[in-house]
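A.B. asks: The lines below spell out each chain.
Number of protein chains: 2
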Amino acid sequence: MKPTITAFESSPDEGEGQARDMRVRWALEEVGQPYDVRLVSFEAMKAPAHRALQPFGQIPTYEEGDLVLFESAAIIFHIAERHAGLFPADDDGRTRAVMWMFAALNTVEPPIVEREAAMILETKKPWYAERQVMLDERVNTRLADLSRRLGDAAWLDGEFSAGDLLMVTVLRRLDGHGVLDAYPNLMAYVARGEARPAFERAFADQLAVFTASR
Amino acid sequence: MKPTITAFESSPDEGEGQARDMRVRWALEEVGQPYDVRLVSFEAMKAPAHRALQPFGQIPTYEEGDLVLFESAAIIFHIAERHAGLFPADDDGRTRAVMWMFAALNTVEPPIVEREAAMILETKKPWYAERQVMLDERVNTRLADLSRRLGDAAWLDGEFSAGDLLMVTVLRRLDGHGVLDAYPNLMAYVARGEARPAFERAFADQLAVFTASR
Numbered sequence: 036m037k038p039t040i041t042a043f044e045s046s047p048d049e050g051e052g053q054a055r056d057m058r059v060r061w062a063l064e065e066v067g068q069p070y071d072v073r074l075v076s077f078e079a080m081k082a083p084a085h086r087a088l089q090p091f092g093q094i095p096t097y098e099e100g101d102l103v104l105f106e107s108a109a110i111i112f113h114i115a116e117r118h119a120g121l122f123p124a125d126d127d128g129r130t131r132a133v134m135w136m137f138a139a140l141n142t143v144e145p146p147i148v149e150r151e152a153a154m155i156l157e158t159k160k161p162w163y164a165e166r167q168v169m170l171d172e173r174v175n176t177r178l179a180d181l182s183r184r185l186g187d188a189a190w191l192d193g194e195f196s197a198g199d200l201l202m203v204t205v206l207r208r209l210d211g212h213g214v215l216d217a218y219p220n221l222m223a224y225v226a227r228g229e230a231r232p233a234f235e236r237a238f239a240d241q242l243a244v245f246t247a248s249r
Numbered sequence: 036m037k038p039t040i041t042a043f044e045s046s047p048d049e050g051e052g053q054a055r056d057m058r059v060r061w062a063l064e065e066v067g068q069p070y071d072v073r074l075v076s077f078e079a080m081k082a083p084a085h086r087a088l089q090p091f092g093q094i095p096t097y098e099e100g101d102l103v104l105f106e107s108a109a110i111i112f113h114i115a116e117r118h119a120g121l122f123p124a125d126d127d128g129r130t131r132a133v134m135w136m137f138a139a140l141n142t143v144e145p146p147i148v149e150r151e152a153a154m155i156l157e158t159k160k161p162w163y164a165e166r167q168v169m170l171d172e173r174v175n176t177r178l179a180d181l182s183r184r185l186g187d188a189a190w191l192d193g194e195f196s197a198g199d200l201l202m203v204t205v206l207r208r209l210d211g212h213g214v215l216d217a218y219p220n221l222m223a224y225v226a227r228g229e230a231r232p233a234f235e236r237a238f239a240d241q242l243a244v245f246t247a248s249r
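Those sequence lines, one after another, are chains A and B.
According to the numbering used here, the first sequence is numbered sequentially starting from 36.
According to the numbering used here, the second sequence is numbered sequentially starting from 36.
Same shape as in the complex, but just chain A (with noise of 0.2 Å):
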């Protein structure tokens, strides 16, 4: 059966890809799995009907069936279960590709989802200057680790796995900021998750409907 996503109608980035249905298509087109997309204002968002599905109000959703989901790390999660290519073959390596899941979105991307909070809420703030200084700080506490623990190796763990999508995404948060640049390492992580023709093709889906829109 054929799994029904939502995304925004008017992308908040512009189309750059970073809004979370984006890892959704990316896990989807890693499988080789058609989807349809249905798209949601920012009011209809926050409606009963949309809420029944998501009750924090967000997008993405992921509708097969009987099966209602939210949480783009769980949509990924079901996903990854259910076809091959996003999990490794053996109990203990797919126990671990969940682990890298659950680091990246409660481990890295928490400082880094915070500091751009405070880029868009808080520029104008008398202690912007101060307090950005410190989340750089906590930003960097968790880039130098990851840095470290990935080393030269390709992907976080043996092949490409969720995790790796998931940490993928999380790092793109930084794109033009410049503060990957001091971790060449996590740089050419990202770009080489950016050069897999799965993302290639969910980039330009997510990318189509900026344009359609404008």
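No wet-lab data here; the hints were simulated from the structure.
Reference listing, derived: stretches of chain A covered by chain B, where coverage requires no fewer than 3 residues with Cβ under 8 Å from a Cβ of chain B:
no., segment
1, 88-102
2, 107-116
3, 139-153
4, 177-186
BS3-like mimics (lysine-lysine), calculated; alpha carbons at most 30 Å apart, straight line:
no., chain 1, residue 1, chain 2, residue 2
5, B, Lys160, A, Lys159
6, A, Lys160, B, Lys159
7, B, Lys159, A, Lys159
8, A, Lys160, B, Lys160
What follows is a list of derived Cβ distance ranges for each label pair:
no., chain 1, residue 1, chain 2, residue 2, range
9, B, Ala226, A, Ala247, 49 to 59 Å
10, B, His212, A, Glu172, 20 to 30 Å
11, A, Leu242, B, Ala243, 48 to 58 Å
12, B, Glu44, A, Pro161, 38 to 48 Å
13, A, Glu49, B, Arg236, 51 to 61 Å
Only a predicted model underlies this, so the values are computations on that prediction, with no experimental measurement involved.
Yeah, the Cβ is synthetic: ideal placement off N, Cα and C, and Gly gets one too.
Assemble chain B onto chain A, guided by the hints.
C.D. replies: Same frame as chain A, now just chain B:
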């Protein structure tokens, strides 16, 4: 094989059970799996031997034969996969339990941790009062959505699952802050979690580490 987890040698919260080993202890108690605990100092946590297990220099870790895991949620995922009691028996129900695990850690926890970090690090800063209003608002947005979804159900999706276990530990971080008072159903939900015999055993065990170290 009896697994070994790591925990703080010296409890930063004086035994209130807010450190992330509490989640893992609780999960192990729910499924009746005995375990060993290795205590680590703040210095040892940042040293190479521990970083080989946990690249971000944190606790808990989980060692079971050749399998080494970090990220409390990934450890709980592994326990839930191997033993009955934390995941529903049907595939879709299990996927939804994983969804609530990610929702707890990536949607509900980040604003709670951010608010808490400001209370620890920025109380003396001139901007504290003005920023705290924003941080409270972000936490309340998530709590209101979660409260609406939970309604008068006992747990988030049918029987108690690993998703509830993580969500309760996330909401417990607000203990003593008065923030949950506005959401009686969430207060009752946390109380239901804390009343589980497995929670009580896990809580007593982490408290004993603090008591013994005094």
